[in-house]
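These are the residues of each chain, in order.
There are 2 protein chains.
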Amino acid sequence: MANCIIAQSGGPTSVINSSVVGLVEANHNLNAFDTVYGGLHGIEGILNKKFINLSDVSQSKLDIFKYTPSSGLGSCRYKLKSHTESLEEYEKLMEIFKELDIKAFFYVGGNDSMDTISKLSAYGKEYNIDIKFIGIPKTIDNDLMYTDHTPGFGSAAKFISTTVLETNYDASVYMNNGIFILETMGRDTGWLAASAALAKENGSSAADFIYLPEKPFVVGKFLEDVNTRFKEKNRVYVVASEGLINEQGDFLAQINPLGLHDNFGHAQLGGVGNYLKSTIVDAGITTRVKALELGILQRCSMHSASDLDIDEAYQVGYDALKYALEGLTGMMVAIKRESNTPYEYSTFPIETTKVANKVKYFPSEWINEAGNHVTEKALDYLNPLISGNPSLHFENSLPKYKAFNK
Amino acid sequence: MANCIIAQSGGPTSVINSSVVGLVEANHNLNAFDTVYGGLHGIEGILNKKFINLSDVSQSKLDIFKYTPSSGLGSCRYKLKSHTESLEEYEKLMEIFKELDIKAFFYVGGNDSMDTISKLSAYGKEYNIDIKFIGIPKTIDNDLMYTDHTPGFGSAAKFISTTVLETNYDASVYMNNGIFILETMGRDTGWLAASAALAKENGSSAADFIYLPEKPFVVGKFLEDVNTRFKEKNRVYVVASEGLINEQGDFLAQINPLGLHDNFGHAQLGGVGNYLKSTIVDAGITTRVKALELGILQRCSMHSASDLDIDEAYQVGYDALKYALEGLTGMMVAIKRESNTPYEYSTFPIETTKVANKVKYFPSEWINEAGNHVTEKALDYLNPLISGNPSLHFENSLPKYKAFNK
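Read top to bottom, the protein sequences are chains A and B.
Residue numbering for the first sequence follows the working numbering, starting at 1 and increasing by one per position.
Residue numbering for the second sequence follows the working numbering, starting at 1 and increasing by one per position.
Keep in mind that the hints were calculated from the coordinates and are not lab data.
Be a bit skeptical, because a hint or two may be false.
Copies of the same chain look alike in the list, so a pair counts if it works inside one copy or between any two.
Listed next, the in silico DMTMM-like pairs over lysine to aspartate or glutamate satisfying Cα-Cα at most 20 Å (straight line) [stated by the list, open to error]:
1. Lys400 to Glu201
2. Lys400 to Asp307
3. Lys61 to Glu201
4. Lys98 to Asp34
5. Lys200 to Glu395
6. Lys377 to Asp148
7. Lys49 to Glu89
8. Lys231 to Asp282
Build out the structure end to end from the sequences listed, making use of the hints.
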């Protein structure tokens, strides 16, 4: 037998460690490799010979690690050049892998990480290297091609929809309320913003309007939406994706509506929420406008995770090991939705070249005609992904977590 | 028999509805009043004859209402003038109370609401009105005098400490991390910021520094704290209260560090987090600085509430009714900590005149000598208050809530 190594890359999610535990337990059950190493801080750390022995970690620690949010092996944002451009890093990495007797490398990440896997497996094939390179998907953005959805998304969607539900109560307690704007992550895709639609009040969407980057944002139309609804019900709840783009193709977050600048004359960016807020105030609709940016809470709120998401993250890690044993390389483990009610899924391998550096956008047919909300079909897709509450470990009434990168 | 009415006022908390349910159930158990009315939107709504019959609400709805965050009867920020200044509102209110045959009025709120109770009971005594006026404490700020703590605080403290725990993992995944700043509410008191100290990583505080308004904030000292720690461990986690005040007595949130102004020349306020962020960047420590403002999440995240807090909120509502039956008026139900390990408490009545318009600050002896963290005594005080996870009702994997103000 020989050894394998797993590492994490890119932005954290709540469930990324569950994939690591899935792989370690697959290795135990299938008796595949002698040792599973954990590379710390992705490729960047491995190149600096930073790794731990995950096979030595006790089951009780693994149980806690499975329910620990954020990249517990550390992460990096390290772009590998192709080996035809620069061989040096590849040779250094292979030397380190040789020292550790590595026969399989697993990388948990998003489109950039799948690019890394593509490049490594292309190099491996060309140089006849006996190492399998397998990608394990993760991103809260849900923007990977071919997979039905990405581990990490369901938990972020659950935190966002729970937050919309709760803040909507807070934003409506007075006789005269205002306009509340929630800004979600998601880069240039609307999956996370769309998940706000899961929050219902008396059967209707708690969010009055949800704006996604997949539909050009028209300020005049937005003000009309908000103004009409504000007159109707004396309050408006708006969800806006950080990646909203106007008709000219500019990111709203990069527009400086008030010409804000510091003493050195540098423009100050305020985010989409603040942009929309000042737009509403400037239009004279009301001065009672609050904007809240959820920020990194979306990707680390394990206390509000989806149990299904944790299970699926575990399974793609588990199956990654199986695919490597089957001799696959240059593949990512993808999720297929077998049925929606009851929800059932399976995994399948997909070439990382097909996933790398590509983006899966929110389907335009799931955006309503007015371009300010999502359809029932979107809800059918989203609903199962937030299922179940995780059985966290607690210590002094707070969740008990364990990371290895410190 | 006759009737009573309960209403809510001021900023919401996660557990404010539990007090209403406590009172309704006390009335049922003690067979006290025929009907418990719920005044909608506090005094302001009652003056507009907005109320519902809470005694008619089914037990199953009450059970859900108990676990619903935010003022489910609606709220107001309505300052009653004293009756010696203006009798009109008092007479209008008494007329409405007479129509409803009200013999007790309960107001769930903070120092302003206790001022309302003081004024009403002073009026009641002078004009021989046969109505008992009782205050029920609530505020996430924990700034009410005499009571050991306020219902609402424990849940906010639990959300804040859970968030510190989780975001601290997120803020430390890279080989080169930055400085993370979390801004909490709390107005000019540090209770909420201090609760961040409950989050521990390997036995030590996850937050490197916690700055409270009770200690004048010295920019030079802050930069030294942050710079030293950043050099030591390559990342720093800072918690800052929104109410921080510098040595000149100015609120940091009102200082405009970059001279930010809009095209009309109006200064733009950025909050304490953004002020500290630009201060760190300007000092050249690092450009990797993130500031996150928790905003209203702190006061409505029932999904992460303290079960003890929900119980205590229920109990102060329950006991408010008992005190009214005993003939008390102009009193607030306060909490006494009977023992810390195991935690035990009781309630007692305190004159609202002693509570109204006063502020309980975080004890200076619980702030460490360096003025950048809290002591073990503070932790002993805080620890029991976040105990237990509530048994929320769920529907489609999201918490199920019910409010009456819509």
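Here is what the structure says about each hint:
no.	hint	verdict
1	Lys400 to Glu201	between (33 Å within a copy, 9 Å between copies)
2	Lys400 to Asp307	both (17 Å within a copy, 18 Å between copies)
3	Lys61 to Glu201	between (40 Å within a copy, 15 Å between copies)
4	Lys98 to Asp34	within (15 Å within a copy, 82 Å between copies)
5	Lys200 to Glu395	between (33 Å within a copy, 10 Å between copies)
6	Lys377 to Asp148	within (14 Å within a copy, 51 Å between copies)
7	Lys49 to Glu89	within (13 Å within a copy, 75 Å between copies)
8	Lys231 to Asp282	within (17 Å within a copy, 44 Å between copies)
Of the numbered hints listed earlier, not one is contradicted by the structure.
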